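S.K.: For reference, the chains in residue letters:
4 protein chains.
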Amino acid sequence: MAELEKPRLGVAMIGHAFMGRVHSQAWRSASRFFDLPMEPQMRVLVGRDAQRSKQAAQRLGWVESATDWRRVLERKDVDLIDICTPGDTHAEIAAAALEAGKHVLVEKPMANSVAEAQRMNDAAHRARAQGIHAMVGFTYRRVPALKLAQELIAEGRIGEVRQVRAQYLQDWLGDETAPLSWRLDKARAGSGALGDIGAHIVDLTCFLTGQRFAGVSGMLDTIVAERPVAAAAAVAAGGIGGGSGGLRGGPGASAEASGTAATGPVTVDDAALVTARLSSGAPVILEASRFAWGRKNALRIEVSGSRGAVSFDFEDMNVLHYYDATQPARTAGFTRIMATEPEHPYLEAWWPAGHGLGYEHGFTHQVVDLVRGIAAGKDPRPSFEDGLHVQRVLEAVERSSGAAHQWTEIHDHERR
Amino acid sequence: MAELEKPRLGVAMIGHAFMGRVHSQAWRSASRFFDLPMEPQMRVLVGRDAQRSKQAAQRLGWVESATDWRRVLERKDVDLIDICTPGDTHAEIAAAALEAGKHVLVEKPMANSVAEAQRMNDAAHRARAQGIHAMVGFTYRRVPALKLAQELIAEGRIGEVRQVRAQYLQDWLGDETAPLSWRLDKARAGSGALGDIGAHIVDLTCFLTGQRFAGVSGMLDTIVAERPVAAAAAVAAGGIGGGSGGLRGGPGASAEASGTAATGPVTVDDAALVTARLSSGAPVILEASRFAWGRKNALRIEVSGSRGAVSFDFEDMNVLHYYDATQPARTAGFTRIMATEPEHPYLEAWWPAGHGLGYEHGFTHQVVDLVRGIAAGKDPRPSFEDGLHVQRVLEAVERSSGAAHQWTEIHDHERR
Amino acid sequence: MAELEKPRLGVAMIGHAFMGRVHSQAWRSASRFFDLPMEPQMRVLVGRDAQRSKQAAQRLGWVESATDWRRVLERKDVDLIDICTPGDTHAEIAAAALEAGKHVLVEKPMANSVAEAQRMNDAAHRARAQGIHAMVGFTYRRVPALKLAQELIAEGRIGEVRQVRAQYLQDWLGDETAPLSWRLDKARAGSGALGDIGAHIVDLTCFLTGQRFAGVSGMLDTIVAERPVAAAAAVAAGGIGGGSGGLRGGPGASAEASGTAATGPVTVDDAALVTARLSSGAPVILEASRFAWGRKNALRIEVSGSRGAVSFDFEDMNVLHYYDATQPARTAGFTRIMATEPEHPYLEAWWPAGHGLGYEHGFTHQVVDLVRGIAAGKDPRPSFEDGLHVQRVLEAVERSSGAAHQWTEIHDHERR
Amino acid sequence: MAELEKPRLGVAMIGHAFMGRVHSQAWRSASRFFDLPMEPQMRVLVGRDAQRSKQAAQRLGWVESATDWRRVLERKDVDLIDICTPGDTHAEIAAAALEAGKHVLVEKPMANSVAEAQRMNDAAHRARAQGIHAMVGFTYRRVPALKLAQELIAEGRIGEVRQVRAQYLQDWLGDETAPLSWRLDKARAGSGALGDIGAHIVDLTCFLTGQRFAGVSGMLDTIVAERPVAAAAAVAAGGIGGGSGGLRGGPGASAEASGTAATGPVTVDDAALVTARLSSGAPVILEASRFAWGRKNALRIEVSGSRGAVSFDFEDMNVLHYYDATQPARTAGFTRIMATEPEHPYLEAWWPAGHGLGYEHGFTHQVVDLVRGIAAGKDPRPSFEDGLHVQRVLEAVERSSGAAHQWTEIHDHERR
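Residue numbers (this note's numbering), protein chains in the order written: chain A, 328 to 743; chain B, 328 to 743; chain C, 328 to 743; chain D, 328 to 743.
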């Protein structure tokens with residue numbers, strides 16, 4: 328083993344809030360556990376505020392920090408841009424990075440609109456011809472139990488997919504006195520529960536079934552329409568270091584919690600209810616909510632097929648439940664597979680059976696798959712095309728919700 | 328105690344399939360465990376076939392049997408008609424019984440159409456003025472854990488209702504070679520998963536929240552559109568003794584399983600997906616499916632409020648999960664309440680804590696509440712008005728499903 | 328079907344407390360659901376108090392009542408004596424009944440001492456030669472999921488038995504102000520947690536493995552040694568109608584709860600810890616406790632073999648968990664079998680899949696197996712020999728506990 | 328924040344198998360997430376084989392490697408020795424390190440005998456006077472849910488401790504063809520299931536209750552007494568890099584799996600059954616087994632008190648179940664606390680609620696507590712005295728097992 332002779336992959340990360348922290352752990356850890364074809368080098372962390380960025384770089388293990396992402400794109404020693412900022416900045420950064428010949432990992436949701444996602448996908452398409460790769464950070468695809476589910480379905484172990492039911496339930500907005508944050512501001516976040524957590528179950532549905540969405544009917548609801556306004560400065564402090572993924576009182580939130588008597592409108596959805604069909608016609612039902620008291624990060628998905636079913640709940644993330652309908656009824660039942668054996672996806676690198684993994688490991692696996700994809704010269708999934716499709720689904724849900732739930736078809740005709 | 332001096336309540340039951348069997352157990356058991364104000368007398372069982380009805384009467388504990396329900400309505404010693412036949416016969420029997428001055432218990436779904444349910448409700452309205460009472464058999468309201476949930480919500484223990492999510496999942500149609508039965512014939516059954524099991528979660532939503540549905544968007548799907556035809560005779564044998572409630576290979580099914588190579592169309596839905604709003608505006612999401620492999624009778628309902636939540640799954644029917652959001656985060660969580668203590672609804676009559684009840688006990692409790700209601704001179708819930716509302720919801724789902732999922736309002740303006 | 332022409336089996340039941348109530352429900356229900364070779368006739372209920380016994384007989388469905396069990400033994404129309412009294416009366420009644428040529432069903436624990444159990448077994452041995460049968464009421468053997476477990480083990484589905492671990496946890500004595508009752512009095516109850524609930528897991532271990540215990544090491548503990556004394560009259564009222572099986576504040580308890588400042592000693596064990604070996608040498612670990620807060624009736628048993636395992640918890644009584652170690656590691660796991668399919672033991676008589684059974688149904692199945700055994704002319708298990716073995720295990724635990732946990736062998740040499 | 332000015336803590340780690348890998352991840356991660364008073368420096372990894380140690384150092388993030396741990400003790404830039412070797416080497420290394428003025432973290436079990444543990448404790452006692460600290464690596468104390476349990480008990484939330492029941496179940500030896508490894512060799516491992524995994528539940532019992540063991544009765548069992556011998560070279564390769572903690576087919580195992588027809592004896596226990604009493608007299612029941620098919624790492628512990636209970640299972644490691652017996656029976660039940668809120672131990676450093684942690688994080692928290700303890704000048708728990716007590720319990724179990732399960736008292740009189 329001569330790891331120092333491996334090709335190096337210089338990485339720059341933009342943003343250093345929640346997502347920046349977990350991405351950093353992944354970059355630090357991936358090559359400690361997996362044999363990677365390239366050695367990631369954590370070259371530079373980019374944030375808006377020089378002082379805070381410098382501290383974050385030290386804390387998170389980046390060699391240096393910077394405040395101007397455009398100048399980072401000019402660096403020869405940077406090969407990959409990892410974008411962990413709020414969604415309204417993704418398109419601009421990602422397109423510029425790809426044009427500058429940098430591989431891109433962008434946090435989900437890919438963008439705040441289909442137009443932005445389309446622009447990003449166009450850029451990825453052009454870059455691909457130059458050997459430059461792009462990927463969207465739907466990390467739940469890398470949870471071993473969910474990867475196992477995908478493999479079982481692909482192998483035909485549940486037969487033909489007949490139905491998908493999924494929920495992504497959290498409760499961090501249950502308290503109506505929790506203050507406004509950038510996540511509740513449509514201009515910044517693009518969407519509420521739909522884009523933040525609903526996007527994950529839309530993507531997982533595609534991932535597990537290998538299909539696209541053909542159409543949707545949607546209902547968006549803002550359950551608490553007014554919330555206390557946090558101090559202006561605090562809101563601004565959310566800054567470029569936004570991050571992603573349902574947090575309860577995350578770093579930003581506590582900063583913003585200073586009290587004023589004023590309230591402001593919540594401009595995103597608190598809950599999203601969706602009925603849909605896959606390209607095969609199979610019906611799908613989805614719910615995303617940040618008001619489901621007692622559900623902390625209950626990403627649940629169940630796929631029923633003609634020969635069996637798989638079922639998953641992130642609150643018990645090391646477990647996949649699998650039902651094999653070809654078994655005799657006398658001993659049939661959901662089998663609780665602890666996906667922690669060496670035979671399970673990604674597990675050969677980790678601990679003995681039963682010594683479970685946590686949330687962060689999906690990000691480590693994401694780095695592994697991304698680096699391997701780059702080394703192999705092919706886009707790892709979920710590609711920007713995958714991300715664009717999710718964006719189309721989200722937009723269709725919004726349109727349907729605004730049009731009396733009218734059935735709204737999704738056309739990927741622009742797909743390349 | 329002088330039970331023999333209690334007023335007697337003469338009962339006739341029509342139908343003796345699955346539902347007839349469980350209703351009989353309830354009539355036999357109720358006064359053994361509960362102090363009832365009237366003593367039920369199991370006078371006569373009515374079926375289409377004289378010989379089979381006689382045998383059923385003996386087996387199930389009815390004094391005698393008969394084949395003509397109209398003549399039974401003339402009997403002075405019969406005070407109550409318990410209707411356990413398929414839905415297409417409910418309206419005629421129930422209306423006639425009420426007009427004949429008999430109390431009525433009718434299995435769900437109340438009817439196969441709103442018009443029929445309206446006719447029944449009109450009859451119940453007139454009968455009520457004569458001291459005659461009517462009730463619909465949504466027995467899950469009498470599962471102790473669900474009754475406890477209703478009480479906790481009514482007491483404000485979860486605050487204001489914000490969201491309802493419910494599923495009723497079975498898998499007895501998962502096998503595409505299972506033959507056609509009357510339950511898959513729209514003319515007989517009226518509806519498929521929607522009316523058979525979806526009706527239960529519609530009713531429970533009303534029961535738990537104390538609200539009505541304001542509107543729905545629905546998607547019905549027939550997953551397996553053609554199935555083997557069972558012999559004509561066997562189909563006919565489903566007869567009047569139809570029964571109700573999701574069965575897998577129930578009595579009828581096995582009779583019908585004789586093989587012919589012919590197939591016929593399934594004319595009802597296999598799965599129903601619904602998004603809806605309550606009268607308060609709170610969003611609701613519902614799924615009913617008979618194709619959810621591994622889910623045997625997974626009636627699940629969760630109500631999230633502003634101060635907490637309750638959650639239930641019939642596959643663990645003695646348990647209610649309750650989340651109290653006013654608790655400190657450090658020790659907050661769903662509390663698994665085994666609703667088997669003397670403090671829980673109906674439990675004072677049964678066994679020590681933890682010695683759980685089963686499916687049939689909801690029917691026993693239904694008899695208890697019905698007899699007490701009659702003795703007290705008031706309609707026990709769910710009333711025919713409640714049943715009519717459910718019927719309206721089901722019909723609105725069907726209309727919406729046929730109209731590109733268009734939002735469809737529900738008007739109870741005819742309600743009395 | 329001509330049920331009236333079946334041979335009849337006249338039954339007398341002694342005792343009418345908790346156990347009498349559940350036995351009555353079983354006698355009333357068995358032939359309603361199962362085709363029995365003989366038709367049970369609930370002829371007479373026997374209690375100490377004439378007035379209360381008469382009321383109980385009416386309530387519970389017995390034709391008449393009596394107060395002198397010896398005279399009942401003389402009745403020609405009584406074929407079977409069902410003994411539901413406290414353990415200190417079992418030996419005398421059972422022996423007399425068997426000598427009078429009556430079949431006997433006796434509640435567990437079979438007796439309060441090995442000597443008593445031996446006497447009963449001797450009587451059963453003699454009676455058997457006359458075609459008279461005897462059985463002990465370890466009803467958990469008749470829970471479908473546990474019967475399924477026994478069948479799977481007998482078929483070799485888990486290979487050779489290697490280990491048994493079991494718990495029977497309740498919490499009804501957790502409150503140290505709960506008053507003394509006959510169950511806490513060694514003279515009446517014979518034993519505490521050990522005999523009341525520990526006996527069940529001892530019996531189930533034998534049932535599931537098909538083996539006997541070879542030896543034990545035991546620790547008995549009285550956690551709350553003094554409790555409030557209830558009024559003398561109330562204590563006496565526990566009377567002959569004692570019943571059996573862990574109750575929390577059962578009928579007796581509430582009667583006894585009248586307050587006096589006096590306290591008295593608890594003379595039985597509150598918890599019993601046992602390590603043991605089966606005849607094959609396989610190690611066993613058992614715990615019985617009435618102080619396990621939050622565990623209402625958690626009878627749990629897991630058997631690990633060379634090729635798999637089965638696991639059960641009565642708090643989820645319709646489910647058996649089965650692990651098949653011959654499966655590939657990738658999809659291996661405990662399979663949650665809902666033992667509610669027609670393919671499962673006893674289930675052909677009941678409801679559709681997933682419409683679970685409750686505590687009482689084990690008693691109904693016990694009646695079924697007992698009546699079938701009598702009709703077939705053979706002792707149904709658990710026989711008095713089985714019960715005697717359990718008694719020997721309990722006694723050995725007590726002896727070991729009193730002798731510094733010394734290993735104590737169990738000899739069934741007197742066995743016939 | 329000026330982290331570079333923090334005092335540095337030079338660390339050397341001995342051993343680089345499973346335990347070495349997870350310790351390395353902890354040393355790499357702790358200061359990334361927690362504000363530590365000293366900055367750990369991963370100076371040198373020590374192994375037996377120069378080449379393999381060098382590769383391991385690179386892979387695991389250590390600046391350099393070495394093969395002679397005695398020379399490492401002479402280094403001025405090394406302040407702490409982290410011992411991850413098999414148990415038979417602990418005493419010598421730990422004593423020498425402490426005498427050399429190095430802080431020590433030693434993996435569990437602390438030693439292979441009480442004499443060794445006593446020697447280590449004596450050394451720690453002397454070292455403490457010089458400001459040198461020692462700690463045993465019972466990392467399960469640092470699982471947030473278990474730390475929460477300990478806090479709740481210490482606060483009196485379950486009242487007085489009445490009973491402890493615990494299991495540590497694995498199944499990696501279930502296959503009788505799995506080959507011999509150093510873990511099955513008494514000379515190397517000291518003990519089998521008892522010392523490897525039983526030690527954890529002994530320690531956790533002390534941790535949660537704040538008590539010591541007063542005496543035990545034990546049964547050790549070797550279920551599969553002969554196993555295939557792996558090639559001699561492969562056995563040797565287990566080398567110094569042994570590691571610790573139940574592994575299934577860990578690094579060593581696969582190396583050893585080369586086949587020869589020879590078999591050799593298993594000289595350790597496969598399962599350990601223990602009944603015990605705490606210093607308060609409270610009864611305890613423990614089982615450790617590596618033959619519990621389907622249980623991958625089921626470390627389960629439940630403590631019942633006079634006012635409630637806590638219950639934990641490592642297979643669902645982010646959850647603590649808490650029963651508050653002071654609640655009204657109507658809403659009482661075990662509350663499922665997802666110990667992933669900022670209010671929970673160690674969680675302020677990690678992800679949003681519900682985004683669970685994994686096995687490795689207990690090791691990270693161990694580093695945090697150790698470094699903080701050193702900086703604060705006090706031994707973090709579990710101290711060597713704690714470890715010595717566990718060793719005494721293990722030895723008493725062995726003695727009792729060899730003496731007909733005789734009750735065996737544990738005396739900590741030598742304790743300082």
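Wrong hints could be hidden among the right ones.
Taking beta-carbon pairs under 8 Å as the criterion, some of the chain A residues facing chain D (in silico) [as the list claims (entries may be wrong)]: (1) Val349; (2) Gln352; (3) Pro364; (4) Met365; (5) Gln497; (6) Trp499; (7) Glu642; (8) Met665; (9) Leu684; (10) Gly700.
Simulated from the structure, these hints should not be mistaken for laboratory data.
Quantities reported herein were computed from a predicted structural model and do not represent experimental measurements.
For each residue, glycine too, the CB sits at the ideal point set by N, CA and C.
S.K.: Hey, does the proline 364/A contact hint survive, CB to chain D under 8 Å?
M.R.: Status violated, d = 15 Å.
S.K.: Mind checking the CB of methionine 665/A against every CB in chain D and telling me if the closest is under 8 Å?
M.R.: holds, 5 Å
S.K.: Restraint: glutamine 352/A near chain D, CB-CB cut 8 Å. Satisfied or not?
M.R.: Given a least distance of 7 Å, the restraint on glutamine 352/A holds.
S.K.: Go through the hint on glutamine 497/A and say holds or violated, using the shortest Cβ distance to chain D against 8 Å.
M.R.: This hint holds: glutamine 497/A lies near chain D, its Cβ roughly 7 Å from the closest one there, short of 8 Å.
S.K.: Taking 8 Å as the limit, does the beta-carbon of tryptophan 499/A come near enough to a beta-carbon in chain D?
M.R.: holds, 7 Å
S.K.: Any CB of chain D closer than 8 Å to the CB of glycine 700/A?
M.R.: violated, 22 Å
S.K.: Would the stated hint for leucine 684/A survive a check requiring a Cβ distance to chain D of less than 8 Å?
M.R.: holds, 4 Å
S.K.: May I ask you to test the interface hint for glutamate 642/A with respect to chain D, counting a Cβ-Cβ separation under 8 Å as satisfied?
M.R.: Holds. Min distance 6 Å.
S.K.: Hold the hint about methionine 365/A up to the distance rule: shortest CB distance to chain D must be less than 8 Å.
M.R.: This interface hint is violated because 15 Å lies over the 8 Å limit.
S.K.: May I ask you to test the interface hint for valine 349/A with respect to chain D, counting a Cβ-Cβ separation under 8 Å as satisfied?
M.R.: holds, 7 Å
Checked against the numbered hints above, the structure violates hints 3, 4 and 10; every other hint is satisfied.
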